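Q: Protein chains in written order, with the working numbering: chain H, 1 to 224; chain C, 1 to 670; chain U, 1 to 315.
Derived by calculation from the structure, the hints in this document are not laboratory data.
Each hint should be verified, as a subset may be incorrect.
Said to hold, decoys possible - Only some residues are given here: those of chain H computed to face chain U with a beta carbon under 7 Å:
(1) 7
(2) 14
(3) 110
(4) 114
Claimed, not checked - Computed list of lysine to any residue pairs in SDA-like fashion (alpha-carbon distance at most 20 Å, straight line):
(5) 51/U to 563/C
(6) 55/U to 634/C
(7) 371/C to 212/U
(8) 286/U to 25/H
(9) 51/U to 552/C
(10) 55/U to 564/C
Said to hold, decoys possible - To spell it out: a stretch of chain C is covered by chain U in this simulated footprint if at least three of its residues, at any positions, have a beta carbon under 8 Å from a beta carbon of chain U; those stretches are:
(11) 71 to 83
(12) 172 to 180
(13) 391 to 403
(14) 431 to 437
(15) 523 to 529
(16) 589 to 599
Only a predicted model underlies this, so the values are computations on that prediction, with no experimental measurement involved.
We put the CB at the ideal spot given by N, CA and C, even for glycine.
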Amino acid sequence: MRALVEQSINLYAAILLIVSFAMISQRRILSLVHLYTAQGVTLVLATLTVAGLTRQPDLYVSAALTAVLKVIVIPLGLHRIIDRMNVRWDVEPLLNIPMTMLVGIVLVVFSFNLAMPISQLSSSIARGTLGIALACVLLSFMMMIVRAKAIPQVIGFLAMENGLFFAATAATNGMPMIVELGIALDVLVGVLILSVFMFQIREQFDSLDIRHLEQLRDDGKDER
Amino acid sequence: MIHIDWILLIAGGWLLLAAVSLLVLRATRIVARWIFPAGAALGLGLLVVAIDAAFSPAEVAELLIGLPGLPMHLRVDALAAFFLIVIGAGACGTSLFCAGYFRTEEGTAPGLLSFEYHVFLAAMTLVVLADDAYTFMVMWETMAVSSYLLVTANHRLASVRNAGYLYLLIAHIGAIALLMCFGILQDNTGDYRFSNLRAVHLDPVWSSVAFGLAVFGFGAKAGLVPLHVWLPEAHPAAPSPVSALMSAVMLKTAIYGLLRVCLDILGGGPWWWGMVLLALGLASALLGVVFSTVQTEMKRLLAYSSIENIGLIVTGIGLALTFHAYGMTALAALALSAALVHVLAHAFFKSLLFLGTGAVLHATGERNLGKLGGLIRTMPWVAWLVLAGALAGAGLPPFVGFVSEWLLLQSFLLTTILPNSFLNMLIPLVAAAVALVVALAGYAMVKFFGVIFLGQPREEKLLQAHDAGSWERLGLLWFAAGVLLLGLFPTLLIELVDPVTRRLVGGGLAPAVQANGWLLLAPSGIDRASYGPIVFLCGVGAATLLGLLIARGLFRGTLRRAATWACGMGLLPVRDQARLQDSAEGFGQPIRQIFETFFHVSRELPAPSDVRPRYRVLIEDRIWLGAYLPIVRAVDAVARQVGHLQQGRISIYLLYSFLTLLVMLLLVRA
Amino acid sequence: MTISGAVAQLLEIALALAGAPLLLGWVDQCRARLQNRRAPPLVQPYRVLRKLFNKESVVADSASALFRMAPYAKFGCMTLACAIVPTVSTDLPLATAADAIALVGLFALARTCLALAAMDIGTAFGGMGARRDMLIGFLAEPALLMTLFCVSLITHSTSLANMVETMNRRPFGLEPSLAFAGIAFTIVSLAENTRIPVDNPATHLELTMIHEALVLEYSGRHLAMLEWAASLKMFAYSCIGLALFFPWGIAEIDTPLAMITAVPVLAFKLAIGGVGLALIETISAKMRIFRVPEYLATAFLLAVIGLLVHQLLGA
């Protein structure tokens, strides 16, 4: 039974990887939010499993925090933003989707290769999954780069933080509580600022396309 | 000493035939009826002798032809014997086909064509036999020049001349690289014999430089990316039997050279050598197959398909080199066997396909896929034999193309245990790419066969196409039989390849394969993987018969022939009805859309006010536009600058000579 | 070759030939019930086959022998495929003749024969169907191969019988690479068996046909052969999936009597699989034809990720 529970951590890691890949191949913003919620749920389950196996009460608290923040509060917030700004349309990638997925595979190979020697030094039970966590971080970063609208970029930022959280769980059996709370506060504040920012962009340019921001550079020409 | 004597006799026989054909320059009948069949008989002899030589110990010979003090050293060992098998088989079938093909004018006198052809064959044989760098390079050059003359047989057309020029240029650039490579290999000892080159111990930097030069030089001849640009031009320009010989046999001499230098003389190297070959091979395979699916001319399609197959062979060799570097002999033998079996398989099915296009060209005068179609009814022999070649080219069981694909994929599967974890992760990706290449090759072969032979004829004159003559049928039959029989008896192929792998990487598959009998191919044990093509074929055949029995025996359905429903277009003339079916561009359009980044597509769209609207799509190679044209422009610019030296005034020229004299006097004084 | 082996082989072939249309009928029934329609009887496919076999077969004037032989060739290939997949037992003498790679080659052979036959008549639909089918095939074939490789890497073998036995004997574990391979396999079998969301098996509109365009010119006993072969293909794919990912209940070499229980277990598993298929078909909508390569590329990439994950976590 214990072996099964240990193997389930591998399964959660795999699900995280699939969800990250699914995120970069999505065309609709609403499904992106749903995928982010799914990521949150997987993280909670993984943290609970590690908590149960290593008997660290800190991780239970951390799992609860994650559940409240990433499964309930932030997705609700994102849904409200989407409703208010009426942005249900296509994601509009800068690079076409098959090419994005190919680059994604290269990133996965790169992070797997990078993580092999490091994971041998760790003593956590989830150490094999460090490569997957790193891959999730890189994939979310790539999603931030190749999207032209603001909301997918925000979700990419949040997904990156998810990947980091899982990497911490995998490598060191969770982070000290104070670090966790600090990161959670950072993320919350970050999302608040980003949503205010998005409203401002929308008011200024009447669209959430970040390519409009390129007009805000000083090259001596008249600003429109 | 007996095998090498026979082989030299056969090569001499070809040279004799070449000389005789010079005497009967314009007598088409003598050339076609006597000289080519004699050449075919010699090819068959070479095949038999080479098979025997493959299992015998190595033999050497020294010919006192050449410069004084520099005799020709020749040697036949397992590696040379295997490639002599390829040459012999290819020569036999192609010469039989030529006996029927070269009865009409090809732009050059038939005697001259036969001279160049037989010199080409003899030169290839001697390249494979060569045991010192001097003989090798002399014969390499002879091979290049004679094939250039064969490619430009129809020299009155400007396009043919340009294609030949490009071919000769790249062949010589490769030859320069080879000269430099041999120069490095001899390491200042002055002795160019291969036995000396093997004994010399180079330090790693220089051996890597030699490796790089060898890959460049042999890659130029084999058609590896990015030196492949001559292949799609030269193969369509040459007469079809010549294309067949070039594609099936000449490209393999480059593979022979690569194996000889990398595995035999240099004895293998660090693991990244194999990775370089793997990368180049995969790039060639992908580029070749993607381009072949969008071609509109039948011989260009086959030329790109050759690039793809050479890419697969080089991938196998790269894999073998990597395993050899880690000392994994069994896996290296498996990968190398896959590559060598593919060498033989490709020789057979590509010859078959090219000779088929020759028959079609003679019968219809068309080489454009958009003007062919429906030839299975008027040319049944050619169509059914070419079908065997197309199915083999698509890598379908039970033909021979599947055997090499099977072995290559097996060698990917057993590689979870490489010490380098990065390579461990690359292997699944490479396996995926190989699977993709093979699937796309199937697409290209269906397009090739379907557009040419099936459907409705797209031109009226196709209804008068005549089937191939008896000599041509014989040549096609030789290759078709090989494609099927070699596919049904893969254990024979493994036994043939075993001495070669034993020599090059120190291990072979034959013991494991022989332990499981002749019905099954099981290189790593029956419970790991096995493939039995004869049982496979019997199984499919029996099930088909069962289906026939059930359908015809149990039930009372009848059959009626009727005109096909063409959406009401039946009132149109036949030629316009045929326009309803897919054109060659149309069949390749999905691939073009998916792989758009590989191509450079230029479109000519009609304007709304055009009285005669035309739509043109031109698909070009990015490598040609991006890498070659800038070099051409740079060379042009430099040449123009140098051209300023040619003032045209005599006093300036005298000034040049005067200045040179002054400089010489100064130097001598110092 | 032992007696039990021969019996197992013949039992498998007979089961496939007799039971494949039944599977098709069951899937139709489930789909009809999910869509709130009245379901056709379970034996409807048999009636269709009998009707077609007794009908007159009309062949175009310009058709060659390739056109008339292709349905039988496809039937032969699919029967062999069903014979080498371990459905009720792994003690199959024919299985040594073709391993997983040869199985993929077998499917490719059938697809090529049919595509060539479709191009034979020279109408617009035939060529279009051939082109679209080869488009799907060129991505589905490597994806299937990679999926089988995932399992091969775990079992260190490509012989199907050996793979199934090894999977059966392993302790129950949650392997992520198998999960990826399973999802990829589902996508590939949906594409290859011409199910929604890739292709609608009941449509005849030019915009939406893929497989139907290939068989548009066939009628009478040739069409019957093709329909039977299509149901055999679906049976084979379902059995491959069940044998590799849910191998419980399959008899092995040393337990021939287990074949008696293997048949009802297989029927049960296929029934559940049929419900699952009907559910997927009802929930999804048919995709645009040029989204299909992306869909299959996803399956391909999933299988490749499965391989990579296995290398990372298992090697």
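Q: In terms of beta carbon proximity below 8 Å, does the region 172 to 180 of chain C have 3 or more residues touching chain U?
A: violated (count 0)
Q: Count the residues of the region 431 to 437 of chain C whose Cβ falls closer than 8 Å to any Cβ of chain U, and tell me whether that reaches three.
A: That given contact holds, which follows from 4 residues of the region 431 to 437 of chain C lying within Cβ reach (below 8 Å) of chain U.
Q: Given the hint that residue 371/C pairs with residue 212/U, test it: the Cα-Cα distance must not exceed 20 Å.
A: 28 Å, violated
Q: Is the Cα-Cα distance between residue 51/U and residue 552/C 20 Å or less?
A: Holds, because 14 Å separates the two Cα atoms, which is no more than 20 Å.
Q: If you count the residues of the region 523 to 529 of chain C with a beta-carbon closer than 8 Å to a beta-carbon of chain U, do you get 3 or more?
A: holds (count 4)
Q: Quick one, is the residue 114/H hint okay against chain U at 7 Å, beta carbons?
A: 11 Å, violated
Q: Would you say the region 71 to 83 of chain C counts as covered by chain U, given the rule of at least 3 residues with C-beta under 8 Å?
A: violated (count 0)
Q: So is the region 391 to 403 of chain C in contact with chain U by the C-beta rule, three or more residues under 8 Å, or is the coverage claim wrong?
A: Our answer is that it holds, as 6 residues pass the Cβ test (under 8 Å) against chain U, meeting three.
Q: Would you check whether residue 7/H satisfies its interface hint, that is, whether its CB is within less than 7 Å of any CB in chain U?
A: Nearest chain U Cβ about 5 Å off; hint holds.
Q: In terms of beta carbon proximity below 8 Å, does the region 589 to 599 of chain C have 3 or more residues touching chain U?
A: holds (count 5)
Q: Under 7 Å, Cβ to Cβ, is where residue 110/H needs to be relative to chain U, so tell me if that hint holds or is violated.
A: Hint on residue 110/H: violated, closest Cβ of chain U at ~11 Å, above 7 Å.
Q: Is the hinted pair residue 55/U and residue 634/C satisfied, with a Cα-Cα distance of at most 20 Å?
A: 72 Å, violated
Taken one by one, the earlier hints fail for this structure at numbers 3, 4, 5, 6, 7, 11, 12, listed in ascending order.
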